[in-house]
Amino acid sequence: MSAEQIRKRLSEALHPEEIEVQDNSQAHAGHAGVQQSDGGHYHVRIVARDFAEKTQVQRHQLVYRALGEMMKNQIHALGIDAFTPEENNLRK
Amino acid sequence: MNVNERIKDQLENNPVILYMKGTPDFPQCGFSGQTVQVLQACRAKFAYVNILEDPEMREALKEYSQWPTYPQLYINGELVGGCDIIMDLYSRGDLAKMLADADAVVE
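Protein sequences appear in the order of chains A and B. This note's numbering applies: residue 1 is where the first sequence begins, and numbers increase by one. This note's numbering applies: residue 1 is where the second sequence begins, and numbers increase by one.
Be aware that one or more of the hints could be misleading.
[Claimed, not checked] Listed below are the simulated DSSO-like cross-link pairs for lysine-lysine, each with C-alpha atoms no more than 27 Å apart in a straight line:
(1) B/LYS97 to A/LYS54
(2) B/LYS8 to B/LYS62
(3) B/LYS8 to A/LYS54
(4) B/LYS45 to B/LYS8
(5) A/LYS8 to A/LYS72
(6) A/LYS92 to A/LYS54
(7) B/LYS62 to A/LYS8
(8) A/LYS72 to B/LYS97
(9) A/LYS72 to B/LYS8
(10) A/LYS92 to A/LYS8
(11) A/LYS54 to A/LYS8
(12) B/LYS8 to B/LYS97
(13) A/LYS72 to A/LYS54
(14) B/LYS97 to B/LYS45
(15) B/LYS45 to B/LYS62
(16) B/LYS62 to A/LYS72
If you are wondering where the hints come from, they were derived from the structure by calculation, not from laboratory data. The structure presented is a predicted model; accordingly, all values stated were derived computationally and were not measured.
Work the whole structure out from these sequences, hints included.
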């Protein structure tokens with residue numbers, strides 16, 4: 001459920017050319033964060049023009065800002081791969 | 001000192017500081033643990049704050065840095081990133097360089 005919400009929020013905020021959201025919560029079931037039920041573990045891969053000329057820290061901050069309150073309750077950990085379309089082409 | 005003054009004080013007085021869950025010897029989260037491991041692999045001299053023992057700072061730093069998760073690594077007062085970014089910098093060899101530039105490597 002949350003994976004879909006994450007995709008929706010990020011799509012609206014960042015207009016990505018590509019976006020993948022992976023829910024890895026099961027892999028972490030039982031560790032401390034999960035017991036405290038402060039949310040799941042996700043990984044997102046986003047290709048967006050908005051990341052141009054931004055550092056990794058600034059890109060992650062954009063993602064976090066777009067997710068807002070979700071970072072406080074539904075999400076315990078979020079892996080982020082953030083590329084511009086140009087960087088993404090170089091990786092192909 | 002209020003909490004924001006404490007944060008500024010810590011960032012000004014520690015060239016390398018890691019805000020983490022648990023301690024380097026007993027990390028309470030895999031991401032904090034991984035980060036400690038790569039810092040140690042780089043022979044980094046670093047201060048740490050266990051944010052689980054300071055709930056006020058745990059919340060205030062998230063606002064200060066616009067970064068909602070832990071760990072958070074700072075070099076010379078600048079947010080370097082969380083676990084992902086630090087792993088990436090480590091694997092490229094950049095983390096070791098940044099630590100050397102900050103004069104924060106054990107002789």
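Checked hints:
1. B/LYS97 to A/LYS54: It holds: about 21 Å lies between the C-alpha atoms, which stays within 27 Å.
2. B/LYS8 to B/LYS62: Distance of about 13 Å is within 27 Å: holds.
3. B/LYS8 to A/LYS54: holds (24 Å)
4. B/LYS45 to B/LYS8: The hint holds at about 19 Å.
5. A/LYS8 to A/LYS72: holds (17 Å)
6. A/LYS92 to A/LYS54: OK: A/LYS92 and A/LYS54 at ~21 Å, within 27 Å.
7. B/LYS62 to A/LYS8: holds (24 Å)
8. A/LYS72 to B/LYS97: violated (33 Å)
9. A/LYS72 to B/LYS8: holds (23 Å)
10. A/LYS92 to A/LYS8: This hinted pair holds, its Cα atoms lying about 25 Å apart.
11. A/LYS54 to A/LYS8: holds (22 Å)
12. B/LYS8 to B/LYS97: holds (24 Å)
13. A/LYS72 to A/LYS54: Satisfied, since the Cα-Cα distance of roughly 24 Å is no more than 27 Å.
14. B/LYS97 to B/LYS45: OK: B/LYS97 and B/LYS45 at ~13 Å, within 27 Å.
15. B/LYS45 to B/LYS62: Distance ~24 Å between B/LYS45 and B/LYS62 Cα, so the pair holds.
16. B/LYS62 to A/LYS72: holds (10 Å)
Hint compliance for this structure: hint 8 alone is broken.
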